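Going line by line, the protein sequences match chains A and B.
Residue numbers for the first sequence, in my numbering: 1 to 129.
Residue numbers for the second sequence, in my numbering: 1001 to 1514.
Read the hints as simulated data drawn from the structure, not as lab findings.
Fair warning: this is a prediction, and the values are worked out from it, not measured in the lab.
Backbone N, C-alpha and C define an ideal beta-carbon position, used for all residues, glycine too.
Be a bit skeptical, because a hint or two may be false.
Reference listing, derived: stretches of chain A covered by chain B, where coverage requires no fewer than 3 residues with Cβ under 8 Å from a Cβ of chain B [unchecked claim]:
id : segment
1  : 44 to 58
2  : 62 to 71
3  : 83 to 92
4  : 95 to 101
Distance condition first, Cα-Cα at most 30 Å in a straight line; then the derived DSSO-like pairs of lysine-lysine [what the hints assert, rightly or not]:
id : chain 1 : residue 1 : chain 2 : residue 2
5  : B       : 1219      : A       : 111
6  : B       : 1084      : B       : 1113
7  : A       : 77        : B       : 1097
8  : B       : 1097      : B       : 1113
These are the residues of each chain, in order.
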Amino acid sequence: MRRARKLRALVVVSCAAAVALLGVTAASAQAPKKPPVKVTVNDFYFAPIAITVKKGGAVKWIWSSYNTYPHDVHLKKGPAALKNKGRFSTTTTAVTDASFQRTFEVPGTYKFICTVHPSEMKMTVTVKK
Amino acid sequence: MKHRLAVPLLVLGLCALLGTLAAPALGGKGGGQKKQQAKTKTFEVCKHGCRYRTIQKAVDAAGSFKAKKANRKTKAVVAVRPGKYVEGVVLDGTLRKKSFDDLTIKGTKKDRKKVVLEGKNAKGELGAAQNGIEAISVDGLVLENMWARNYQSNGFFIHAANEGGQRCDGYRMDNLLASANRSYGLFAKNCYGGKMINSAGYHHGDSAFYVGETPCDSKTWTNHGTAPPPAPCQRKPKWTLLKNLRSYENVLGYSGTNSKYVKIVESAFYNNGAGIVPNTLDSEGFEPNGWNVFERNDVFWNNYNYFLAGSQFHTVSGGLGQVAGATVNYPTGVGIVLYGGAGNVVKDNDVFGNYKWGVASFSGPGEVFIANEGDDAKNVNNQIVENEMGRGGADPNGEFDFWNDATGGGNCWSGNTAGATFAPGNGKVPLSQIYPACPQPEVLADQVRSLDIVAGLQINLGEESDPKTILGYATSNPPQTQECTWVRRLPAHPAFQKFQPVEIAPQPGEVVCK
């Protein structure tokens, strides 16, 4: 009885170790994730104003430390298939020391503006399949 | 016997009844029916023992409460008990399931220092918290009895985007204190009317008080054109009142980019780089600034050279732009600056002890030097009247009481202190032409020029760094050398009320005057 219990425990531990090892191997086999494409949010302009990322790619907006005025990032228009569009807009403005990152899973064209300076600050993110 | 008594008693009773019924109708002003008290729902915030421990949570709850149809007539108040709140509060009026209109957020004590919104180490959606309180597209917001300090952007910020149906109208900021926020203290942008009253601000990288981008009836409004003449920005103006303010030790005491219908009264602007500065810039919509009133203010000792290393704050602006390859900064040592304004009234202010100029007015030359694209920043139709300059000689302004660049037109000066001094320029244009008496016929912006090369006040061609001109002075390089042409007419300012002058001493070699 005691031996049987020990054997069962050994099997369980071995299986767990095997699963863990497989997991590690699988993880190391995955391609490293690409870092996000960076966009700076400057006084009255985004830079760059047009970027292209692959599906699953990320974009990170970084507010310039030289800014004087508040800006936000607001998705004005996105692909029809995109759900939860609000996720792609900030809910607050920032002047500096701020960043905002989003991953793009739905291919298409995304038009962004700063709602505080909508006529000057526009940019496009194109997401390819 | 019984009957004999019963009749008079009946008459008396009837009289009493009639009297009671008639009283409200006869009672006049105070005797009307009591107004039905509006219901109020309070959301209390404190560190221990309240339902809400952060202002944001209470504000969110109030927003959800007000969004329900049944609660629309109930007033929502977020009551904040004394304490330090390390957070940045956001009221997003564009959210469908929340309504922040007519919300009040107030400290429960009259002492505004008891409720502190602290920006140091405060986190927000994008990293560091940007504002103590930011309200987006909210009408009728009331903020009272609080202190916001050390934020990355502003202390109290209310604004609306110029699209998407956003608007903000009728805010009231009362008994607030703002300090050491990177840009502004109390900041309203693209709002119709409002109040900033009984408040103070210091150590800001721009101004303690700011009203900007006042919206017009039409989004495409312009004051260009002569036939037909341009319509007013707002046909029935909604005024913004700034009253009983104290603004000290900031880059600017008040700044108003493209602000309109702003009335600043009975306030003190002192020890700033410059005191009251309405201005016209491309950075915001609805250019130019104008139709503002600045009346019965004390504007004094604005000689804080924030370009020096010893300054407790520094300008967040890298200058106003480039002209002829040089960086233009705001002039320091000036009480009131009208930059590219139209139809402003500067009346009955006490302006003294400012080392450069008391009241300066000038255009942004948009034709050749492109200081302002579209040539919107024109100095037109301003009235500078009945101001007391230099405390009757007790504390004079430095170089001149009045300085005007001789651009634009329709401006006038009248009834100011006898003996006040006027900058003459190079003498080619008579003083009476640079500073004509009131009234003057109004001009249309497109009938006059934003550039003048004759009077020697705006630009001295061939000697662009001449500090007697606004171009030369504002482009002083390095900028702290603006003070090289300040004029201290007395060894020290005489006492004024309880105020103390604050100036920064340059370190050795920091200010080298040519």
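Going through the earlier hints one by one, which of them does the structure break, listed in rising order? Violated: hints 1 and 8.
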